[in-house]
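Residues per chain, in single letters:
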Amino acid sequence: MNINLKYFKEGLKDGVPIALGYLAVSFSLGIAASNAGLTALQGYLASFLCKASAGEAAGFTAIKEQVPYLEIIIVTFVANCRYLLMSFALSQRLNPKMNIIHRFLLGFYLTDEFFALSISQDGYVNPYKCYGAAIIGSPCWCIGTSLGIIAGNILPAKIVAALSVALYGMFLSVIIPKAKEDRYVFLSIIGAFFMSFILSFTGISSGIRVIIVTVLIASTFAVIKPRSTEDE
Amino acid sequence: MNSWIYIALMAVTTIAIRMLPLTLIRKPLKSKFIRSFLYYVPYVTLAAMTFPSIMNETSHFSFGLTALVLGGISAYKGLDMFKTTLICCISVVILEFIF
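Protein chains in written order, with our numbering: chain A, 1 to 232; chain B, 1 to 99.
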């Protein structure tokens with residue numbers, strides 16, 4: 001079987017739980033968007049172009065407050081800063097010869113979930129896994145936002161809670177297998193849990209919290225246990 | 001202020017952040033520190049996003065914590081992404097409806 005097709009199918013399968021989680025999260029995002037006065041079409045477009053829960057939530061709040069245009073750029077930048085780190089990290093996992101169109105698409109679809117999926121592969125990342133998941137997941141993200149704007153609170157909170165947890169289940173299935181084989185990854189994850197927990201009491205936004213934890217813990221471990229090329 | 005302009009600014013900023021490193025950096029970075037740093041980034045980031053946020057998603061924090069523990073065990077036992085996720089969701093549905 002064609003190797004790209006194999007990855008594409010894997011992505012489709014892994015995309016199902018992602019899509020379910022997206023529906024739930026984007027639905028609640030849609031409620032925030034309607035509070036900011038956006039129409040279903042505007043919410044759909046914002047979600048198609050931005051694909052970011054924290055970033056969009058921050059943006060919608062800013063729109064509601066009618067901030068100056070420069071401020072929404074800064075707010076969006078800060079809330080999405082972790083994608084800069086992810087994009088750097090992913091750039092190191094691509095075949096240097098990969099063409100620009102694949103790089104553009106991987107960047108366009110660089111959400112937490114598709115990123116997790118891409119880096120769960122060994123060796124160079126095959127972009128088709130991300131495409132498979134994106135074809136199911138991305139429309140759900142956009143449709144969920146529009147539904148949230150139109151329908152508001154019709155889904156029972158218990159169901160929304162269960163669907164929201166799906167995204168974390170996905171994250172776990174990326175980090176745990178690696179932690180099992182690499183003691184230092186295990187320790188860095190424990191460190192991140194701990195520090196993130198402590199910082200959650202300070203009142204800083206979750207976007208900033210993730211950046212601080214990532215920079216401090218990852219650089220600490222880069223010093224404690226530097227990696228050679230063979231590790232990747 | 002115009003909502004369309006706001007959305008356009010959000011979109012351009014977000015897309016630029018995601019695409020620039022991926023398209024501009026086409027070679028392995030030389031610095032061993034930066035390479036090591038980037039090796040840990042994905043795992044640390046995903047961990048920081050998971051905890052403690054997972055406990056805010058459910059009506060009682062212990063439901064989210066249960067999902068975290070069960071999901072962690074499932075992934076450790078080698079279950080795939082779909083099954084791990086399903087176990088997290090089902091455990092929360094059950095807890096939400098019992099309590």
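In case anyone wonders, no lab produced these hints; they're calculated from the structure. Mixed in with the good hints there might be a few duds.
Claimed, not checked - With a Cα cut of at most 25 Å, we get these calculated DSS-like pairs of lysine-lysine:
hint	chain 1	residue 1	chain 2	residue 2
1	A	Lys-97	B	Lys-77
2	B	Lys-27	A	Lys-9
3	A	Lys-180	B	Lys-27
4	B	Lys-27	A	Lys-97
5	B	Lys-32	A	Lys-178
Source: prediction; values computed, not measured.
We went through each hint and held it up to the structure:
A distance of roughly 36 Å separates the Cα atoms of A/Lys-97 and B/Lys-77; the hinted pair therefore is violated under the 25 Å criterion. Our distance criterion of 25 Å between C-alpha atoms is broken by B/Lys-27 and A/Lys-9, whose separation comes to about 29 Å. About 29 Å separates the Cα atoms of A/Lys-180 and B/Lys-27, which puts this hinted pair outside 25 Å; it is violated. Taken as a hint, the B/Lys-27 and A/Lys-97 pair is honoured in the structure, with Cα atoms around 9 Å apart against an allowance of 25 Å.
The straight-line distance between the Cα atoms of B/Lys-32 and A/Lys-178 is roughly 21 Å, inside the 25 Å bound, and the hint therefore holds.
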